[in-house]
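Peer 1: Work out the full structure: start from the sequences and follow the hints.
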Amino acid sequence: MTSPQRQQTMHGSAQTALYIEDLTVEFDGFRAVDELTLLVDYGGIHGIIGPNGAGKTTVMDVITGVTKPRAGTVLLDRTHDVIGMHLSDRAAHGIGRKFQKPSVFEHLTVRENIALGVREYPDSLLREVLRGGGPAKRARVDEVLDTIALAAVADAEAGTLAHGQKQWLEIGMVLARDPRVLMLDEPVAGMSNTEREATAELLQRLRSPERAILLVEHDMQFVGQVSDRVSVMHEGKLLADGTMDQVTSDPEVVRVYLGR
Amino acid sequence: MRRRSFLKAVGVSGAAMSAPGIILPAWSQDTVKVGCLFSSSGAMANIEGRLNYVVQMAAQEINRNGGVLGRQIEVVTTDPGSDWPLYGQQGRQLIQEERVAATFGCWTSASRKAVLPVVEENDSLLYYPLHFEGEENSANVVYMNSPPASSVLPALEYLMSDNGGKARRFYMLGSDYVWPRTINDQLKGYWQQEYGIEPDAWREQYVPVGHADFQSLVNDIKRFADESGEQPIVVLTVVGNSIPNFFQEYINQGISALDVPVLGLDVVEADLEGLDTEPLVGHLNCWAYLQNAPGERNQQFLDAWASYVNENDVPFRPDVSIDPMVSTYDGVHMWAMAAEKAGSFDVPEVRSAFPGISFACPSGYDIKLTADNNYVHRGVFIGSVNRNQGFDIVWQSPETTVPVPYSPYI
Amino acid sequence: MRAGKIVLCLLLLVLATFVPVQAADIDRQGLVGIWCAGDDAERRDSFAAMLSQVESADEPTRQWVQSVLSAYREGDLFCTAETAFRPAGEAYENVLTGERVDALPADANAPFLNIPLRRALEPVSRAVTLVVSPEAAERLGAADGLSRSLGVVPPALIEELYATEPDARVRSALEQVLVGVWLASGDPADQQRAIAALAADPTRQNLTTLERFVDGAEGSLSPSVEAAADEALSKVKLTVQASDILTVLYHGLSYGSVLFLAALGLAVIFGLMGVINLAQAEFVMIGAYVTWFVQEALKVVAPDLLDAYIFIAIPFAFLGPALVGVLMEWGVVRHLYHRPLLTLLATWAVSLLLINIVRVSIGTQNLSFYTPEYLKSGFTVFSEFAITWTRLLSIFFAALALVGTLFVLYRTRFGLRVRATTQNRRMSGCVGVSTRRTDSMAFAFGSGLAGIAGLALSNIYNVNPTMGTSLIIDSFIVVVVGGVGSVLGTAVAALGIGELNAFIEPQYGAVASKVIVLLAVILFIQQKPNGLFPPKGRR
Amino acid sequence: MMTAFVHSISGEGPRDRAYLAVVMLLVLVVFAVPLLGLSPLASTPLGLDGYQVNLIGQVMAFALLALSLDLVWGYAGYLSLGHGLFFAIGGYLVGMHMIKLAYVGQSGVPTFLNYMGLSEFPFYWSGMEHFWVALLGALLLTALVSFVIGFLAFRSRVVGVYFAILSQAFVYVAMLIMSRNDTGFGGNNGITGFQSLFGVPLSAIESKVWLATASALVTLLTLILLRRLTRGPVGKLLVGVRDDEDRLRVLGYETLWLKIAVWCGSGLLAAIAGMLYVPQVQVASPQLLSPMLSIEIAVWVAIGGRGYLYGAIIGAILVNILKFWLTRFMPELWPFILSGAVLLVVVVLRNGLMDPGPTFRFLFESVRRQKVAGKGEGA
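Residue numbers (my numbering), protein chains in the order written: chain A, 30 to 289; chain B, 330 to 739; chain C, 6 to 544; chain D, 28 to 406.
If you are wondering where the hints come from, they were derived from the structure by calculation, not from laboratory data.
The model shown is predicted, which means the values in this text are computed figures rather than measured ones.
It cannot be assumed that every hint is accurate.
Taking beta-carbon pairs under 7 Å as the criterion, some of the chain A residues facing chain D (in silico) [to be verified]: (1) 116; (2) 117; (3) 121; (4) 122; (5) 126; (6) 132; (7) 134; (8) 137; (9) 158; (10) 271; (11) 274.
We put the beta carbon where it would ideally sit given N, CA and C, even for glycine.
Peer 2: Written out as C-alpha cells, the structure reads:
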C-alpha cells in the first residue's frame with residue numbers, strides 16, 4: 030500500500046486523471062503486468078493496444094478492484110489511492126468500467142439496467158432502496174437512454190437485445206453515474222460496421238474535459254479513429270506511447286506486434 | 330398450457346386435502362385396522378423394518394383363527410423414514426384418518442416421545458416393543474418390553490457376581506441420547522448404593538447416533554482396562570449400526586471377552602449378522618427374549634417366521650429372530666385378547682380389560698398385564714455371544730419379573 | 006481374592022509334595038464327567054488338580070490332556086451322558102475310547118463356559134501347553150498369554166519351567182509372568198530381576214504394576230531396588246507416553262486415509278467440472294457391494310481364492326461404480342454443467358435413488374464380509390503402539406489411490422486431457438480435446454475411485470445402503486479445505502482433519518471433535534477461501 | 028390493501044395470473060380453515076377434521092419456509108442447504124415457550140433437564156413463559172446467527188456450490204450440537220410434552236385451526252410483501268447479484284450488506300415458519316436440523332420453480348401433500364417418486380413447474396455459457 034506521504038505529493042500534471050506507477054500483477058508466478066507506469070489524462074480518449082496476454086484487461090481489473098496487484102501505485106486525481114479503496118467506493122469516486130463481454134442484467138429491462146447505474150444516495154444503500162426512484166432518477170435514466178440511443182427499446186428485457194445494443198447498454202449503465210474515468214474494454218468487439226460507426230460517434234459524445242476515457246481494443250482502425258493517445262503494451266510492459274502514428278512507426282512495436 | 334398445468338396442480342392438492350374426510354371408522358365394516366409405525370428406510374430400517382412383517386404375521390395368525398370379535402385384522406403399514414417428527418405425523422394419520430384400533434410402533438425413545446402426544450390427545454393405544462429407559466407411564470402406551478430395573482439390573486448383578494466375573498470397574502459407552510444416559514445414570518446410582526463403588530471406578534463416553542469410527546474409543550477402553558484396579562467391563566448402549574461397527578473395531582484391536590467383556594444392552598442377534606463372532610464369544614446381552622430360548626413355543630414362533638419370510642419374500646433373514654420381534658408379536662396378540670375380553674375396540678374398554686391378560690410368549694414365559702401399570706411382566710434372559718452369530722443363554726429368571734417403571738436409583 | 010487363590014494353590018502344591026501321588030495317571034472319565042456336567046466350582050478345582058498331575062503324566066496322557074483341553078476351550082467338546090466327542094477331521098472322536106463316529110449323537114452338546122470358567126481355563130491350558138509342547142513357538146504364545154493372569158496356575162510351576170526352559174524368548178516371556186511373584190517375594194535380587202523384566206517390556210500394564218509396587222512398598226525397599234524401580238518407572242512411563250502419541254498419530258493417519266479415499270473421487274470430479282456430486286458417497290456404497298458380490302461369487306466359483314478376494318475385487322470395485330458414474334454423467338450431469346446448484350440437487354436425487362434401489366433389491370441388512378486370516382487383529386510395534394491389519398490395509402489403499410491418481414493425471418494422455426480441460430475448458434476444446442469425452446471419463450474415474458474407497462472400508466465399517474451418508478459431509482469438508490481439484494491438497498487436508506480428529510476425540514468426545522473440526526474448517530475458509538492448494542491460473 | 032396490490036400488477040402475463048391464483052388459494056385457506064374446521068359446517072361432509080386441518084397447517088408452514096429460501100436462492104442466487112438452522116431456532120424457542128408454560132405454577136422441570144442434574148430451569152429459560160420473550164428471542168437469535176454466517180460467508184466471497192456446502196456444514200454442526208444431551212435441549216429426543224399455546228390446549232381442534240390459519244395468513248402476507256419487495260429496487264439489485272455480482276460491485280454497490288440483509292431476512296422468515304410448525308407437530312427435535320430436511324426445502328423450491336415466490340409455495344404444497352399421502356399408501360415408492368421428480372424437473376423442465384419458458388431459459392443459458400467461457404479467458 031502507498032504511504033500517506035506519497036499520496037500528498039504531486040504526480041503528473043493537473044490534467045492527470047490516473048497515475049499508474051510500477052504496477053505489477055502476478056498470477057502464480059506469471060507476471061501479467063510488469064512494472065507498468067502510465068498516465069491517463071482528462072479530456073481525451075486513451076487507447077491501449079497490444080497482443081493477447083499483454084496485460085491490458087488486467088490493468089483495468091486492478092483499477093476496478095477485481096484484481097489485487099502485487100506492487101505498485103494507482104492514484105486518482107494525483108491524491109486518491111485507488112488500490113486501497115473499497116471496490117464499491119471506486120464507483121463513487123467516478124471510476125466506471127464496461128467489461129469485455131457485455132455484462133448487462135438480462136432479466137431486467139433496459140431502463141432498469143440503467144437505473145441501477147444511477148445513485149441518488151451514494152452513501153447509503155438503504156436510503157437508495159427506500160427513497161430512490163424519484164423523478165430526478167427517472168430524468169437521468171431518460172437522459173442516458175437518449176445518449177446511448179436505446180430509448181426505443183427502453184422497456185425491453187436486456188436479454189432480448191442485439192449484441193451491439195448490449196454493449197451500448199452497458200456503457201449506459203456506467204455512464205449513468207457520470208464517471209470521471211471511463212474504462213471501455215473492447216466496446217466494438219463483434220460489432221458490424223454500422224454499429225462500430227455508431228459507437229465511435231457515441232465515444233465522441235462522451236468526450237468531456239472532466240472525463241478521461243481509457244479504451245482497450247483489438248480493432249486498430251477503431252482505436253486510431255477515436256483515440257488522442259495510444260499506449261502499446263507487450264508482455265505486461267509498456268512498449269510505446271504517443272499518437273497512433275507515432276506508435277505505429279516505432280520499430281519495436283512493429284517488431285513485436287504489427288510485424289508478427 | 331402453463332396455466333392448465335397450474336390449475337391441475339391446485340386441483341390435485343385440493344382433492345388431496347379433502348378426500349380423507351369420507352373415510353369412515355374402520356370397525357363399522359367387517360375388518361378392524363391396526364397400524365404399524367416402523368421405518369423401512371433411513372438409519373433404523375435394518376432393525377426396525379422387520380417389525381412391520383411381524384405385525385402382519387401375527388395378524389395373519391389371528392385372522393386364520395377367526396379374527397378379533399369376528400372381524401379380520403387389516404394392517405396399515407407406514408414408513409416414517411427414521412425421522413422422529415414423522416412418526417408423530419404418521420401416527421396422527423393412522424389414528425385420525427385410518428381410524429386404527431391400535432398402533433404398533435417405534436424403536437427409539439425419540440420416536441416414541443414424538444408419538445406420545447398424538448396417542449394421548451386421541452386416546453389411542455400404542456404398543457411399544459422395545460426395552461427402554463422407563464421413567465414414563467402413559468395410559469395410552471402398552472410397554473411390551475422391560476424398563477431398566479427389570480432388564481438391565483439383573484444382567485449387571487450377574488456380571489458383578491462371582492459367576493459373572495466380579496466386574497467392579499465400568500466403561501460406559503453409549504449413543505448420545507436419552508436411553509443410554511438414563512440407563513447409565515441408573516447404573517451409577519445402583520453401583521453407589523448397592524456396592525459402594527466410587528465414581529473413579531467408571532468412565533462414561535457418548536458418541537453421536539450413527540457414529541461409525543470407534544478406533545480411538547476402543548483404544549481408550551484398552552487403556553482403561555490396563556489401569557490398575559479390579560475387573561473392568563464395558564456397558565455398551567450404542568444403538569443401530571454403531572453396534573456392529575463397535576464390535577468390528579473391538580475384534581480388530583484384539584480385545585477378548587476374557588479381558589474386558591462387553592454387556593451390550595441393545596445388542597440383538599441381528600446386529601451380529603455381518604460379523605465373524607468367533608472373537609466375540611463371551612460378550613453379553615440382556616433381553617426378555619433370545620432366539621435360543623428353550624421350549625416348544627419358541628420353536629413354533631421361529632418356524633412361523635421362517636415360513637412367513639419364505640412365503641412372502643420378506644427382505645429379512647428367516648433364521649434370525651430378535652426380542653423386539655417377539656415383543657411386537659406378543660403385542661398384537663395381547664391387544665386382540667384385550668379386545669376380545671372387552672367385547673369392543675373402544676380404547677377405554679380395551680384398556681380396562683388389560684389387568685389379568687396373559688399370553689403364552691415364545692420366550693417360554695406366560696407374560697401378563699396387571700392393574701398397576703401398562704408394563705408387561707416378562708422374563709429376563711442373559712445371553713452370551715456364541716460362534717454362530719447368536720446368543721447362548723447364560724441365565725434366565727425363574728419367573729416373570731415385576732416391572733418397575735421408575736427407577737429408585739436416580 | 007486372586008491372591009487368596011494363589012495361596013490356596015500353593016498350599017495344595019505343598020500338600021502334593023508331602024503326599025506323593027502314586028498313580029500319576031489322570032482319571033480321564035472323571036475329568037470329562039466334571040467338565041461336562043460339574044458345577045462351576047468343581048470344574049475350576051478340576052483344572053488345578055489336572056495341572057498338578059499333567060507334569061508327571063506319561064506322554065500319551067499329556068497329549069490327550071492337551072487336545073481335549075483345547076477342544077473344551079474352543080467349545081468343540083461335545084458331551085453326552087457317558088462320554089464326550091471332539092472333532093477329528095470330518096468325523097468325531099470319542100475322547101474316552103478313541104473310537105470315531107461320523108455324526109454326533111443326538112444328545113451331544115458343547116457345555117457352556119462362562120467368563121470366570123474361561124478365565125480359569127485359559128491360564129491352565131496355557132500352562133499345559135508350556136509343560137507339554139515341544140514347539141518353542143507354541144510355548145512362547147502360551148507364555149505371552151500368561152502374563153495377563155496366572156489364575157489357578159501355581160507360580161512355583163512357572164518358576165520351575167523358567168528354570169528349565171531352553172528358549173531365551175520363552176524365558177523372557179516367562180519373566181513377565183513371574184514379575185508379580187518376584188516383586189512380592191521381598192528378596193531384593195528377585196525384585197531387581199522383576200524390575201528389569203518390567204523395564205524390558207514397557208507396556209501400560211507393566212507401568213501399572215511398577216507404580217503399584219513403588220507406591221505400595223513405601224519405604225520398605227532396599228535403596229538399590231528403589232533406585233532401580235524409579236529409573237525403570239520413568240523409562241517405562243516415557244515409552245508408554247511415546248507410544249500413546251504414536252497411537253494417536255496413527256489413528257489420525259488411518260482416519261485420514263478413510264477420509265482421503267472417500268474424498269478423492271469427489272475432488273477429481275469437482276476440480277474438473279465444478280460439479281459437487283452428492284451421490285459420491287453412494288458410489289462408495291456400490292463399491293462395497295461389488296466387493297461383496299465378488300466375495301460371494303468366489304465362494305461359489307473359486308473357494309481357494311477367497312482369501313485374496315479383497316485384491317481380486319479391486320478392478321470390479323473400480324469398474325462397477327465407474328459404470329454407474331458414466332450412466333449418471335450421461336443421463337443427468339452433462340445436462341447441468343453450467344448450473345452447479347441444480348447439479349447439487351440432481352445428484353442428491355440420484356443418491357436417494359441409488360440408496361433405495363439397493364435397499365429394495367438387496368435389503369437393508371449389513372452385509373457379511375469374510376475376514377481372511379491375514380487381516381485378523383494386528384501386531385504391536387512397541388509398548389502400546391499397535392497396528393491393526395484392516396486399518397493398515399485402508400492406509401495402503403489410500404496410498405495406492407493417491408499414487409494411482411497422480412500417475413493417471415500426470416503420466417497418461419487421459420490425465421493430460423483432464424488437466425488441460427480443468428485449466429481451460431474452451432481452449433482445450435479448441436486444440437482438439439473432446440471435452441465431452443474427457444468429462445465422461447473423468448466422472449467415471451472419480452466414481453471408480455469412490456468404489457475403491459468402498460472396497461477399503463468394507464472391512465472397517467458396516468456395509469449397508471446408507472453407509473455413505475455419514476461420509477459425505479466429511480468428504481466435502483476435505484475437498485473444500487484441500488482446494489478445488491488438487492489431489493495433493495485433498496491428501497493433506499484429509500490427513501490434517503484426520504489427525505485433528507484423532508487428537509480431539511479422546512479428550513472431548515466424538516461430537517465435540519466433529520464440531521471443533523468443522524468450526525476450524527469454517528474459520529480456515531475465512532483465511533484461505535480457495536483451500537490449501539488453490540487452483541492454478543486465472544479465474 | 029388487497030386491491031392495492033392487484034392494481035399494482037402491470038402486465039397480464041401468465042406469471043401474474045399464477046401469482047394471483049396462489050394468492051387466491053392462500054386467501055381461500057385462510058377463510059376456509061376456520062369456516063370448515065370450527066363452524067357448524069365442520070360436522071358436514073365438507074368439514075375438516077383435526078388431522079386435515081393440522082396437515083394444511085404444516086404444509087402452510089413449509090410453504091413459508093420455501094418462500095424464505097426462494098428469496099435467497101431464486102433472487103440473490105445463493106442456495107442455502109442449511110435453512111433448517113433458522114427453522115429450528117424458531118421451532119426450539121417456541122417449544123421452550125410451551126414447555127415453560129406447562130410448568131408455570133409447578134415445581135420441577137422436564138425430564139431432559141432432570142437428566143442433566145438440574146432441578147430448576149437454567150437462566151436462559153427465564154421469561155420463556157411469555158410468548159413475546161420467545162418470539163423476540165427467536166428473532167434476535169436468528170438475526171445474530173444468520174448475521175454471523177452471512178458475514179463470514181459473504182465477506183470471504185464464498186459463492187455457489189461452496190456456499191451451499193458451507194451452509195450445510197453449519198446446519199450439520201448445529202444438529203450434532205443439539206443431538207447432545209448435555210446441550211440441554213432434550214438431545215436426540217428434542218423437546219416434547221407441550222400442553223397449550225395462548226391458553227388453548229394443543230389437543231383441541233381450536234388450536235389446530237388457529238395455527239393452520241395463522242400459518243396460511245403469515246404465508247400470504249409474506250408472499251405479498253416479498254412480491255412488492257422483489258418487484259421494487261431491492262428485487263432489481265438482487266437479480267443483479269444473482270446474474271452478475273461483479274458488474275454490480277463495479278457499478279458501486281456494496282453487495283456485502285445487501286446480501287447480509289436479505290440473508291438475515293430470509294433467516295427470520297424461516298424462523299417464523301419454525302415457530303408455526305413446531306406447535307403443530309408438537310415436537311422440536313434435531314431432525315429439524317438434519318441436512319436431509321434442508322435439502323428438501325431446496326427441492327420444494329426447485330420443483331415449484333425458483334425466482335417467482337409463488338413457485339416455492341406451489342412446490343412446497345405439492346411435494347408435501349404427495350409425501351404425506353405416499354408415505355401412507357405406498358411408503359416404498361416415495362423415495363423413488365421424489366428422486367424421479369427432482370431429476371425430471373431439474374434435467375427436463377430446468378426451472379420447475381412454474382417456469383413460463385423452459386426453452387427460452389435454455390436458450391438464455393446457452394448464451395450465458397458463451398459469456399462465462401469468454402470471461403474465463405481474460406485479457
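Peer 1: All the hints need checking, so say for each whether the structure fits it.
Peer 2: The hints, checked one at a time:
1. 116: The hint holds - residue 116 of chain A has a Cβ within 7 Å of chain D, the shortest such distance being about 5 Å.
2. 117: Interface hint status for residue 117 of chain A: holds (4 Å vs cutoff 7 Å).
3. 121: holds (6 Å)
4. 122: At 9 Å from the nearest chain D Cβ, residue 122 of chain A fails the 7 Å test, so the hint is violated.
5. 126: The hint holds - residue 126 of chain A has a Cβ within 7 Å of chain D, the shortest such distance being about 5 Å.
6. 132: holds (4 Å)
7. 134: holds (5 Å)
8. 137: holds (6 Å)
9. 158: holds (5 Å)
10. 271: Not OK, violated: residue 271 of chain A not within 7 Å of chain D, min 22 Å.
11. 274: Status violated, d = 25 Å.
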